[in-house]
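Construct the entire structure; sequences and hints are all you get.
Sequence lines, in order, name chains P and Z. Numbers in the numbering used here are just positions in the first sequence, counted from 1, shifted up by 858. Numbers in the numbering used here are just positions in the second sequence, counted from 1, shifted up by 54.
Take the hints with a grain of salt, since some may be wrong.
[Unchecked claim] The calculated label-pair distances, taken between Cβ atoms and stated as ranges, are:
1) Glu1456/P / Lys173/Z: 44 to 52 Å
2) Lys173/Z / Thr1493/P: 31 to 39 Å
3) Lys173/Z / Glu1369/P: 56 to 64 Å
4) Pro1087/P / Glu86/Z: 22 to 30 Å
5) Lys173/Z / Ser1649/P: 42 to 50 Å
In short, the hints are calculated from the structure, not lab data. Beta carbons are placed, not taken as given, at the ideal position from N, Cα and C, and that holds for glycine.
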Amino acid sequence: MRAKTRKKSQAADKATLTPDALAALRRAGMSRRSFLKSTGGLIVSFSVAGMYGTAQGQDNFAGGIPGSPPLNELDSWIAIAADGSVTAYTGKCELGQGISTAQAQLVAEELAVPFSRVNLIYCDTAMTPDQGVTSGSQSHPANFNRSNLAQAGATAREALVQLASKQLGVPADQLGVKDGVISAKSDPSKKVSYGQLVGGKKFDLKLDSNAKRKSPSEWTVLGQPVPRPDLPALVTGEFEFVHNVRVPGMLHGMVVRPPAVGATVVSVDESSVQGMPGLVKVVVKKDFVGVVAEKRWQAMQAANKLKVAWTHGAGLPSHANFYDYVRNQKPTRDTLLVNSKDVEQKLAEAATVVKATYRHPYQMHGSMGSSCAVADVRGDKATIWSPTQGVWHQRGTSAMILGLKPEDVRIIFRRGSGCYGINGADTVTYDAALLSQAVGKPVRVQLTRKEEMAWENYGFAFVMDERAGLDAQGNIVAWDHEAWSPVLGGRPGYNTPGNVITGLLAGFQPEPFRPRSPSPEPTSFNNNSNAVPSYVAGQVGGALRGTGTIKSERALIHNTPSPFWTGPLRSPARLQNTFAHEGFMDELAARVKADPVEYRLRHLSDPRLIDVVKAAAKTANWDPRPSPNPRKSKTGAVTGRGVACVAYERDNGFSAMVAEVEVNQDTGKVTVKRIVLANDSGPISNPDGLRNQIEGGTLQGMSRALMEEVTWDDQKITSFDWRTYHTLPLGFDVPKIEAVLLNRPDQPACGAGETAITVVAAAIGNAIFDATGARIRQVPFTPERVKAALSEAV
Amino acid sequence: MSAITLKVNGRTHTLDVDPTTPLLYVLSDELELRGAKFGCGLGQCGACTVIVKGQAIRSCITPVETVDRAEITTLEGLGTIQKPHPIQKAFIEEGAAQCGFCLNAVIMTAKAFLDKKPKASEEEIQLALSGVLCRCFTNVRMLRAIKKAGQEMAR
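Structure (structure tokens):
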């Protein structure tokens, strides 16, 4: 009976697991789920009383939705097979950012095994712990500091050494570990391998917050430019993206989105597609409309031909006057980040007051591949292959969409096209789930380019007012930042599928807009959105938590309802606020004829931020002088340089950039010639991966600064493909990029995916000013906008 | 439906498909090849690129009937993990990928170009790739890898 059950569960696994996962389970001799549920691990004997699972230890590893592998259990993270191979489980997935390589390095390092012996399994609700969403430059801090995966590795190593000590009769401190073999330092013939000690069995241990992590000075795997193991499969076409998942009996679905924002279904004329070849079903659920067919081309043709009557849209505010519309919307939701309450007084007393308004448009994630998912919903059970950034969140919301219990839904992450935040990944997962449920068979859905681009959750639009007071010596004495930004929806979390388009169409509401004005006073310092400029003191609750010296300070954000979906796009709000702060700082330096680097340093207090500014300036051979550079000519090409810096989320990475540009004053075209980026993300786990992130972030930032903007008419989005939404292609004039990596082995691990992109628009804008004397305060810096700024420049 | 004969990577397949079906869907769904991908379906981004008669074409807007009996090369036809093509090898050596979704576009476009002009200058390579997108912006490494591969192919 028992054998039969196991056979059955193995068969089920076979249908749904990756080859890697299957191999790992075969090594363990059972399915992951039954493994974690099983009791009686062999190693209970070394669970020394009081050492593991202490209250203090558990506090560090709290979190995870009930039913997910407990974050404080070692078995949730690491399994060692009899052959000594290591399988590590993580809730932080590989989106293309390279984090899987770094995580495998981490496990190899802490366990003292070769990198090649570690098999990393990420993001499958049948196997991996719930670490929320892979986003926000949080994977490196979440798993590499004193918690989670890193601490699991250290706990496992110490536990194995203790077990070896008992077995070999050698005190633990006289044992060494190499390549998964523990041996006596004095007599290497006394040895035992991990596989012999624990192979295939459970650890049955709590994570130990006191387990000693390896010091960076001892690292042999971490800190190395280990190549990404996925590359050979990627370049040869063998790699399985979610787009390549094929399930026996799989059908193809397409969705039909509304023709205008806010339009709802009046009627669907199924006879319009009757008899089309391969058509299986027309699916309508409230305002969600889709078709399922045997083949993709058949589904596409049916979706195109299906006659749906829609109501008119809700009507959209004018694109041309959008920023004025946003700043005049009422009611608002207000958030004060710092407020010294003396800003108006200090501004009134200041020798000079400088004001400027900066604008940043909605921008797209614009993934190269439109989003795709495969769902197999039969009866009350669902298995879904999804490119979501959060499988446990997706499990909860897919269950709501389907009317199933979360525990009956399994979400298996498969890599999608690079997302840079919330692209169509979550919404297409609901699309596939709904269509599969309607036909009771597996269905693959890939959005069209237009469906992806017209309905994704855009990166935030911002309009930002900056004001500063200067004393007679030209020092900044007060800084005020007030910004308006529209919001709608966002990540669905565990229970808000209505935060993305399909959820709304299927009848779920987005998170409601909750007006709040005035804002409560800040009670703790939070600069997660970098709304607080780097140059203010950040005084909240008596402590100075900022990175600067200016004591008179206020930062106030007004959120307003957005007509379009919004959500995190690489460096959400941080990039927009930093564009304003760093552009404005440049204006202040120019006003007092100070060198922009010196002027920044004069108002900074944080040593790490100061270090990256100095490092960037040094590598760029920065010539200290005020901007602008006196122009030789008002026509033709001129060159200039600009600087910008950020303490990302205050303490989650530090970067400073020097950009050198050429501006053609006749055409308004901006060409970036050289970028120097100094970066401090704490201890460097993989320098090549870090450089790759910096190079990509820099160029993506250039594309966003120079070209990208969502557009619309009075009813609908009008930027919905690569002809109407502009981006830099692969073959443009790529600037020379020099990354200066500041390694900080003494500091906690920080984010590295968003430090570079955050400063690009400001650095380029400042360089344009240096070259031409024209200040450009609105992204993107299109030739028309540059020419308009030039005509206003003195 | 009608019988179409496709010669893909040296193998011949006879398939019964709607002749207007874009080649991409036949490669992806009937032959289960993973290299060519749907990026835009509009011929704008290059994700679906395959090589037909030495030309890089966009298979998402190419009706399958128009390539009946033609020799088609996909990313899988260039090389294998064990024996990669010089371009694939250069991409591995340069670590030239992030998410990897655009690699088919970049490598296949580069292949068709370098076959004709392996000793291309940086400017010529840039021009050849001006119709291809990489939204992770791995440009620096990719352009370096293509140049390196060209030098290898010219030898």
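So, going through the hints one by one against the coordinates:
1. Checked against the hint of 44 to 52 Å, the pair Glu1456/P and Lys173/Z passes, with Cβ atoms roughly 47 Å apart.
2. Between Lys173/Z and Thr1493/P the beta carbons are some 38 Å apart, a value that agrees with the proposed interval 31 to 39 Å.
3. For the pair Lys173/Z and Glu1369/P, the supplied restraint of 56 to 64 Å holds, since their beta-carbon distance comes to about 57 Å.
4. At about 23 Å, the beta-carbon gap between Pro1087/P and Glu86/Z stays in the expected band of 22 to 30 Å.
5. Judged by the Cβ atoms, the range 42 to 50 Å given for Lys173/Z and Ser1649/P holds: they are separated by roughly 45 Å.
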